[in-house]
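Enquirer: Here the structure of chain A is known, so what remains is to put chains B, C and D in place on it, guided by the hints.
Protein chains in written order, with the numbering used here: chain A, 709 to 1202; chain B, 411 to 1051; chain C, 1205 to 1678; chain D, 10 to 112.
In short, the hints are calculated from the structure, not lab data.
Hints are all accurate, no fakes.
Here are the computed lysine-lysine pairs in the DSS-like style, where the Cα-Cα straight-line distance is at most 30 angstroms:
1) A:Lys1143 - B:Lys525
2) C:Lys1492 - D:Lys111
3) B:Lys577 - B:Lys785
4) D:Lys111 - C:Lys1353
5) C:Lys1492 - B:Lys1016
6) B:Lys525 - A:Lys1076
7) C:Lys1494 - D:Lys105
8) C:Lys1549 - D:Lys111
9) D:Lys100 - C:Lys1353
10) D:Lys105 - C:Lys1353
11) B:Lys985 - A:Lys1143
12) B:Lys984 - A:Lys1143
13) B:Lys577 - A:Lys1076
14) C:Lys1494 - B:Lys1016
15) A:Lys819 - C:Lys1644
16) A:Lys733 - C:Lys1644
17) D:Lys111 - C:Lys1494
18) A:Lys1143 - B:Lys577
19) C:Lys1549 - C:Lys1494
20) D:Lys100 - C:Lys1307
21) C:Lys1494 - D:Lys100
Anything over 10 angstroms on all C-beta distances counts as not near chain B; from chain D, calculated:
22) Pro13
23) Leu20
24) Thr22
25) Leu24
26) Tyr62
27) Glu69
28) Phe72
29) Ala86
30) Ile89
31) Ile93
32) Arg97
33) Ile102
Glycine residues also receive a C-beta, built at the ideal position from the N, C-alpha and C atoms.
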Amino acid sequence: MNILNLFVVIPLAMLAALWLSRGIKQIRTVMVTGSTLLLALSVYLAADFIAQRNAGVTAAQLYTDSWCWYPQLNISYSIGVDGISVAMILLSSIIVFTGTFASWNVRPHTKDFFLWYVLLSLGVYGFFISTDMFAMFMFYETALIPMYLLIGVWGSGNKEYSAMKLTLMLMGGSAFLLMGILGIYYGSGATTMNIHEIAAKGNIPVELQYIFFPMTFVGFGVLGALFPFHTWSPDGHASAPTSVSMLHAGVLMKLGGYGCFRIAMYLMPQAANDLAWIFIILTTISVVYGALSAISQTDLKYINAYSSVSHCGLVLFALLMMTRTSCTGAILQMLSHGLMTALFFALIGMIYGRTHTRDIRQMQGLMKIMPFLAVGYVIAGLANLGLPGFSGFVAEMTIFVGSFMVDDTFHRTVTIIACTSIVITAVYILRVVGKILYGEPVNEEHKRLTDATWDERFTVICLIICVAGLGIAPLWVSDLINNGVSDIIATLKP
Amino acid sequence: MDFTILILILPLASFLILGLCGMKMSHKAAGITGTLSLATVATLSYVTAALYFGAGRTAEGTFETITPYNICWLPLGGTLSIDMGIMLDPISVMMLIVISTVSLMVHIYSMGYMKGERGFQRYYAFLSLFTFSMLGLVVATNIFQMYVFWELVGVSSYLLIGFYYTKPEAIAASKKAFIVTRFADLFFLIGILLYGYYTETFSFTPSETLLVAAGGVIPVALGLMFVGGAGKSAMFPLHIWLPDAMEGPTPVSALIHAATMVVAGVYLVARMFGLFIDYAPEVLHIIAYVGLFTALYAAVVACVQTDIKRVLAFSTISQIAFMMVALGVCTSSDPHSGGLGYMASMFHLFTHAMFKGLLFLGAGAIIHAVHSNEKSRMGGLRKYMPVTHITFLIACLAIAGIPPFSGFFSKDEILAACYSFSPMMGAFMSFIAALTAFYMFRLYYLIFWGKNHYEEQLALYKAGATDHEPHKPHEAPLTMTLPLVILAAISVVAGFIPFGHFVSSNGEAYTIHLDYTVATISIVLSVGSILLATIMYKSGESRLTTAINSRMGAFIQAAYHRFYMDEIWLFVTKKIIFNCISRPIAWFDRNVIDATMDLLATATQKLGNFVRPMQSGNIQSYCVWFLGGALIIILTLIFFA
Amino acid sequence: MNYSQFFAMLPEITLLAVFVTIFIFDLLATGRYRRIFHTLTILLMTAQIAICLKEVSTEQTLFGGMYYSNSMIAFMKSMLTFGALLVVLQAHRWLSTSHSYYKQGEFYVLLLSTLVGMYFMISARHFLLLFLGMELASLPLACLVAFDKYRHNSAEAGIKYILTSMFSSAIMLYGISFLYGTAGTLYFDDMATYITGSPMQTLAMVMFFAGLGFKISLVPFHLWTADSYQGAPTIVTAYLSVISKGAAVFTLFIILTKVFAPMTDEWQTMLYIVTVASITIANLFAIKQKNLKRFMAFSSISQAGYIMLAVISGTAQGMSAMVFYVMVYIVANLAIFGIIEALEKHYDNVELEHSHLNALYRSNPRLAFLMTLALFSLAGIPPFAGFFSKFFVFMSAFDAGFWVLVFIALINTVISLYYYLLIVKAMYITPNETPIPHIKCDSFTRISLGFCLMGIILLGICSFVYINIDRMAF
Amino acid sequence: MIVPAEFYLILATILFFIGVFGFFTRRNLISLLVSTELMLNAVDINFAVFNAYSHPEQLEGFFFTMFGIGIAAAETAVAIAIIINVFRNVKSIHIKNLRNLKH
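The shape of chain A in the complex, shown without the other chains (with noise of 0.2 angstroms):
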């Protein structure tokens, strides 16, 4: 029995315990023993990643595994991870662990939710450990339609049109990735649908890769709120309850990334090579653009979630710089987002039930009235901008350094300009820190508010300790991933 297995096999069971239980309590009962077992092995499979990579096995992927699904069309069920995707495995089981008790008191159809909430995670966990193209956007597009679901169901304010676009915006991109798989496919001949023989092989004729390439990098990067195609993220976070922000900034946007690594650079490196200057335009339109957007929003969701398009256009941006050192800052920083994001929302979600606005301009004075999520609000945007100590300094500065190892001029321009979003981002962040936090409470209302209850407390303490985790002893995770991105970059830059 292959321990990936469990990535699937424990939400399917969480899936069916869920359709089994009656009240909140059994309910309860499922999400917390499921996720917690999926935190448990995950931190497992990393240590024991780890263990294995210093022991000195040196495959690039590690517990593979095949079936054989759809032998005439070459599809398999192939799982199998490098460091890159425990890492991504581990994101997801934290996110997946806090995002449950930050959705401790969903309601109504508490159970429904649940329900999704887990398709939704299946999926992640299942794109992550495949490396079947077939099975890896299965999962991929399994992740997204929950969205809807929970968005349009439990979500707030413009919901309706916020997850019909989200839905809609990234399935569109998923067309354009289909297109890019079986472009893939036949383009390799059409012999396999596993990642690694396709890579192996190398074959794809470079006039496909340039047609293909640009196809499944939008499509992932539709995901990865890639500009112009980032528009759902704004509507999509601001209405989404807040368990699933976190789901979907924390690790649903970073699919896109790791997808646009896993297959669009992967499987076509000399498209990648020869275009990555205009979709590297793109990235750093994305970086700047973002923080510059976020800093004249007044709700709060907006704001991040244009802070998100910024931070995930900086992964793209460092992949696309395609050295070994700025795609370590790359899946840093899709990490440290992850964390950070997943964090920022969920405070959100809780200051957000309790004065039932995210107006900056409608609060005040909140650091007096609950300080915990106060204090918490300001490590959140302290890491946010990049506070050494915390995760996202080292993502940062990782990609910063790699970047600036491309020697021309315009990978050294776009560099700087990306850069610059270092200083954007602590304008927006204390900008609302100071709106929101500081200051007298003004509203009465506000003044009767409570602070964070026990499972609120509990969500925030556990994203802040692995961001600050993350932030002060990064070494771990490059030697989790060292091997799996030189590999990638050994195709790429040959």
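Expert: Quick look at chains B, C and D alone, frame taken from chain A:
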């Protein structure tokens, strides 16, 4: 020197303890925790210094650089990695002493000053965090570690300035401080990136061949790093955050915005001095001119400010600029020929930390007594606060450069260095030194002499003109006066430290000898300025003052408004960046890009309406479509396929 | 003449036996015997499927090559019968209503006769047999469409269906006559050798295709679809939308690859046009559609377009993708129609609109859930079967080099997702003052919906279904 | 004298398109039915002619004609039945009354 790690760990530990469980502790316990840990750190620093300088020199006549710790924290690929460690060399040891001393003083002082404040524990936690970061910065083994702690220092400063988080000015000031320095840090970062790429290391001592090979890039990189330093050290035009930063508690101003953090930029340039001298002397001179202008600007502005902390703030800017100038005028690394400035700068840094810390703490005591920053609320305080008065006077004399106080010696070295660079530079600097003496004594007189505000108010109260009885100024408690006295003592004697023996540009021992011409000029100028200030301000508004005010009204107004630098910045940030860039982009995003996506949807819907008539409900038209469609396909196949 | 040939046509013969039994039962049974009529039919049909599945692997050519059967065709027949069985299962409530109860025998007989027609359609290797099969499959359907005698819409739908059907068969026959004129034979196998791609044959092919296009309801031969679907009784609509369509698609595939193999370029171009038009135009209509059954009609046109993606490749892979697609389409579509049928119980004689489904989830969570899964399956969302079938269809078209076509189809999936989600939105999100009360389905419908649910969930994940289909292709 | 095949074919074509024309223009359901009959009959002629002139050695075309006539009759029967049904519901067999189902 393995124990040096404790110098970093203790403040961090105290930060964590106070930060995590501070709320459960009493004020007293928190204060004592912080102070004790700092006292230990200070002791350790002194021991370190004693051991380090006591160990004697190497064969080359320099103090050996010791690196007790250096671990790879984050490998960045290739030869690059971010290391974390401790490096001891003369300037870092010197800085350890400065920081731990001033910080300890501030810790003790704050126990009195912050007594009963809401968030007392938080205050001490932040102080510890700051101390930790600053210590980490100075012992950095490489430029990237420096950057890491540089950022942490910035954040601690942000948190401490915004300590009174309910005060709008404090919020604005903290934000401004952080963003301005962050903006400067951007250049620092780019400088580091360039430096790291071309030298293939982040350490301070890259290989010679790579440096030569990099050629013109190194000056650019160093220049960019200087911009970062200029941000932290409040060089014009990035100085705007510092005066506002005075919104923080006064001890914080003393620690961060006078003695330690603001000199980080100077320290940075000093750290990279070898590279500057060898590869970018022209950048060094640019630094000198920037410093000169800043010193002049800040001194002029300081002459007319009414808020005592602002006067001190501008004075700080001016004095830091002195240090920058001193570094900038160096032309070689030999202290005997053109390298004097380095030593002078570090010396001034040391003495300045002491007397400026003293000034701020004194100002704190005064503010504590009269509950205001404005000079108009003071006057005649010497009667009520004798200890503060005396220590403040000592500090003023020191900063004015009157022998035998410490400021005289360090400033004299700077002036000497300037004169040896160019007489013009020297002359300007002497003039600024004179201005310094003038505004400091203006401040001194306005606070301690002149009209007695309390008595006036008391008289008014007794006459029944005001309702509330004025608060009688009183001397500060012992926790506050003790640091004043200690710092005053240091300020008096620090000048006699054979500083050149410890720190010099090439590391070899250098004996300070006074340049009597320069010394005479500066003493004469200082004394003259003090006299002028005495005439003008000793007993309230003199005729001369009025005359000058009326003659130079416009200029004074402009200087009072700091030559409208804040307004210009505000214009750039608010009007241009916020209103002309961010807003339009946000608008563009919603109304152009998003609208395009929506348009696709709407267009599809419209198209849906457009095809609707096809389904008319009339079976005959259906069959027309049927046959027509078939015919079209036939024709297409026959003619086009 | 060897009469044993008749008995070699096992599926047809057994189905005829069922047909005759039911016919006789309808004539003779009275009173309480009629109550078991429905159960009897179901049992008989199940038995028929079981018998045929046993003999699925035999390949045979009968009547001098007019009739051909192999495992794939036999499987297809069983699949159609199974679909019909699901429809019959769902029909229980409708057939128990007062105005249908006395003529339920007619319903079975008509339904089974169309099924026989379809059997002949897909087994035919001669145009005459094909024509007979088609007419047999479509004439009784007209009666079924007009089954609700006293409903205007049913009658109108019936007349529209029969007239369009006649018109289309006239055109198709006209086409066949020219094929005959140019080739001199009506056997598929022989005719292929005479196909040269002359303009006359092109004309003939397109006209012939129009006839099948009518059955599959491809644009521009689709305009009857929405009206008939809307007017017909829901059960009949369900039957129309899946079973008769499935048979026609299969037939089309056989004929295009067998008879018109020399004209592959021509018919691929033709299908290209038709596919793009079908998917796009149907989607545009569906977006705006508020009436549920009409909506499903447009959805089915669009789905037919997707099936054409498999047909256009003309390869074995295309064939298995097509059969699989039809199979998945049957379960998903029947699930939706089953639910619509169940809901109509509450809204007697009211045509269901989107708004009727508002907040369905509150009162009938299970139905809403199944409906959601079925819609997701239709939209091609994993892990439901529809995703797999769509993927395979795209793969086969892509394999044949129709990249742009696949791309257009993919973009259209986004539009289709939009309108499917509209229903999901209505059920889950839109509030409703007067929601449908909880509906208790009869056990027959439940069984049927249970099969559909299993199909939706398992068909894709359990790959042996597709693997076996693929083994049988060609 | 042998009538050339073209004549028959032309006749059939004319007949077919008369049928089509009728189908498109008449407003009475019965007329529509008659028109389709015309079309079907045109097809029957076609089959017979092709058989007789091109492939006289076998009878496939004739058979097809026979079956065509039969099926046409069946279709007509069903159609008439439905028309009656329509008449019962609408009290008219005018096509303009059959536009309940549209858009």
